[in-house]
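Throw the hints in and build the complete structure from the sequences for me.
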Amino acid sequence: MIVATELRKEFQVRGSSLVAVDGVSFRVGNGEVYGLLGPNGAGKTTTLRMVMGLLEPDGGYVEIGGVRTDVDRNGIRHQLGLISTNDGVYPWLSVREMLLYFADLYAVEPKIAKDRLGELAGLLGIGGILDQRCSTLSTGQKQRVTLARGLMHDPPVMLLDEPTRGLDVVGSQTVFEFIEILKGRGKSVLLSTHRLDEAERVCDRFGLLHHGTMRYEGTLGDLREQTGREHLVDMFIALIREREVG
Amino acid sequence: MQEYLGGGRLFRLCLKELRESLRDRRTLFTLVLMPILVYPLLSMAMQRLVIGAGSRSAGGPVEYIVGAGDEDGARVVASVLRETARAVNDGVPPAIEIRRQGASSEEKSTTGDKSTMAEGGTGFTADAFRIGEDVAFSIVIPERGSIQDALRVGNVDLAVTRAKREQVLPDGTMGLEYDLEMEFREGDTRSEGAMLEFRKAMQLVNDMQSLRLRSRFLPRVGGEIVGPTVQLVSFGTGKRGDVFGALSGILPLILILMTITGAVYPAIDLTAGERERGTMEAMIATPAPRFVLLLSKYVAVVTVAILTAVANLFASWLTLSLGGLGRALLGEKGLSISVLVQIFPLLVIFAAFFSAILLAMCSYARSFKEAQAYLIPVMLVSLAPGLLVLMPGIEFTTLLGIVPLVNILLLSRDIMTGSPAVLPAFAAVFTTLLYAVAALVVAARLFGGESATAGSQETWSDLFRRPRVERSAPDLGELAVYFALLFPVFFIITNLLGSWVEGIRERLWMNAAVLLALFFLVPTLVAWYRRLRMREVFLLRDWWGRGIGSEGRGVLGGVGVLLGVLFLGVGLWVVAYEVVKIFAEIGIGPIDLERTEELERAKNEFARIPLWLVWLTSALVPAFAEEYFFRGYVLSAFRGRVSRVRAVVFSGLIFGLFHVVSGSHLTLERFMPTVLLGVFLGWVAIRTGSLWPGVFLHAIHNGLLFWLTRFSPRELAQWFGEDNEHFPAIWIVASLVSVGLGVLLIFYSTAKRFDENTP
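Protein chains in written order, with our numbering: chain A, 1 to 246; chain B, 1001 to 1759.
Just so you know, these hints were derived from the structure itself, not from any lab. Note that the structure is a prediction, hence the values are computed from the model and not measured. The beta carbon of each residue, even a glycine, is placed where N, CA and C say it ideally should be. Be aware that a few hints might be false.
Partial selection, computed: residues in chain B whose CB lies under 10 Å from chain A [unchecked claim]:
hint, residue
1, R1023
2, R1277
3, A1282
4, P1287
This is how it looks when you write it as structure tokens:
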């Protein structure tokens, strides 16, 4: 369960301050996929980083499983898994070594880590490449390894930051299937993306961010009601135009 | 933190980093290929240089120049070298052939072809004796300056400082006895080589003469008169300064540069490389503390650097031993295994230091390229002090002992060519490790900073920026950085104080002022700037139980503490003295005789100073200033982060280390008793929660010791018995009882007061 309340973050850019996120609130229940949507620069990644505890909010707070991130920052990280656009792999390590390394970073007991590795290898179809060096993997294989990495500590909350950027149709499909798996396991999933068509397919609820503020929030039905438009893409275009005109 | 340090997890994290580094071709290149290439190439280049400089007449024998102070001396040397010729003419060791060249010294002719060597004096007399195919000696008398000067500047290879010839038997040259004293430049290959060859020649004379004397006189006078014909005493001057002395500095420089090179690639790859690969954010997002992440990387970088050092040591040893270059560079011993064994720990310490620096720099970089851009200037800057070491005549002084890089280079050079001075060596090792810890603290704060952006965890600038909120104790990182800055300053000042200030009174005042400045004033300013709560950090509370909202044991408890401290103070110094004696007996920190004399002198000077002044400057001020710093700042940094026992022991160890440096001496024998005292003082501080009982105890301890120095050994013997080595058993028992009583009194007078208030 994620609860974000009135999040605010300002950055100092060349002497002037830039409000990246302003008064953003949302909640993600267990087994729910929440889409944090918005064009580039809307404040999605900043919001995500505040949720992770990597950035300290200037205002508001985040609770993970009822605990505020500013109270127990390290404890919270055990509850979170992160998969991001730019995730890489260690070229000189084998897939097994890399995944066990991350299990250690999350302080997972070696025996449990070993069992989980076997389970995830089956689930994501990487059993055959476990002892292969990461430098020899294809893009698709690397992506599956990254997804497995995010689950090595079996976190109740999963943050996905633009997970399909740069992937082809097959790659994206793997991500969708992965999200279905997460949902099936009762995890709270926060998905940040600018691919609205994809979001429409997998998310239960949505938050539309624009210029750091939450413009619309709710299920697809709620949003249709609020905006009077059928698809997320149309809602967005209207939103941006409205802003430009305003 | 514990879940990462225990259960083999830290080991596995280190192993991952090491695997990543060692599987990389680029690491392997510097680790294996570089040493294989560099040393043979270097050996070839050096061989040219050494051959060129070693034999001044190309193609001929090496001609050594023996300098005599006057004509008589020159005559004696010429005579003894002729004896050698005679010995060879008689056909005994055929390996050495002697030929006379040039004019004889008796004829006082000047040979123009050697005028180039006569910069110390023009127009010298010369004799050249060629011994075998390889060696020749010529004798010169410098006309200007002393013979020692000529030796020092390298105009002569050997200096004859005493030359006597005596006719002991009335039988021509047969009954001559020679008494020679010569000096050579220690650590200078050419001069040492000359000494060695000259000694060989003299040995030949002795063997020959004894043989002849035996055959001729044995029937008449027996073996009594048969003794060494040539008595030769030689001294090393400890001066180096020729091209060979400089060359002996090259090897440490190369070894160190190669060790750095080995660490560079892993340092970049494991920090900036993580960012470039896109693995940094995932790693930083885990709950693993950044210091643990960095520590595992540090271990890997140091390991690769050490492996590189081992590869380089082996390659250099092999090259120098095979080519004979080792002897040419480093004297007769060459590069022995024992020298390698001594150099290796230095390289390890250096690897520990430089890896931390490299990690700090690379942690700041966002990409591989950026890291390289930072490191190239660092490498160049490192070369500059390296070249300084190569300059002739640079001595390893105490002051240079605290200059990073230079200190390790000079220490390695001195280990290779002779025995290094103890105090600079200690300073070099200790400060290098201190700098390494400080660099690691900074690196840990820089690491991952960019991907996490500001605000998420501490950054390196937090170490110097004024915090926004008040804190009750400095953190360990702050302490490490403070030490890295304080110790060199402390070291320089205590060293220079002796030469700056003349009289003993002035020195006492200055010493007190320095203690107050470094251990009271500066920590106070630092604590103010860093918004530390003074009362809590420096334990500025009363000890009878009204401080920090506690009931304590009231005034009665306060009196109990004071009494306990009094008992401790009265007993501890005897225990401390016995600790010194016990450790000296098992060979740790024995007091050397020279310093005992110096102490005796200091004691006599002390006796003329009024007691109040001694007590004020040497008991009261140090007691306050040192308690303020060690039981205040240092102990509070450990308190709450490690267990109370460890906090007391660690602060005691640091207290002991600071006392090992005393003036321009390394007083190792002070370490154990000071640690012991520090532990007691730390316990008293923790127990009472106040600075003052410790100040009182410290002052009693110092005061008693300085009071005792005012009595003559005879007077002291009346009290303590004649045995100089140990106190009488009754004294030891009484002191232990006193210490025990003191501990009990303090224990029962404080009863958990401190524990309840300060975690």
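Comparing the hints with the structure gives:
no. : hint  : result
1   : R1023 : holds, 4 Å
2   : R1277 : holds, 4 Å
3   : A1282 : holds, 6 Å
4   : P1287 : holds, 4 Å
This entry satisfies every hint, going by the numbered hints stated previously.
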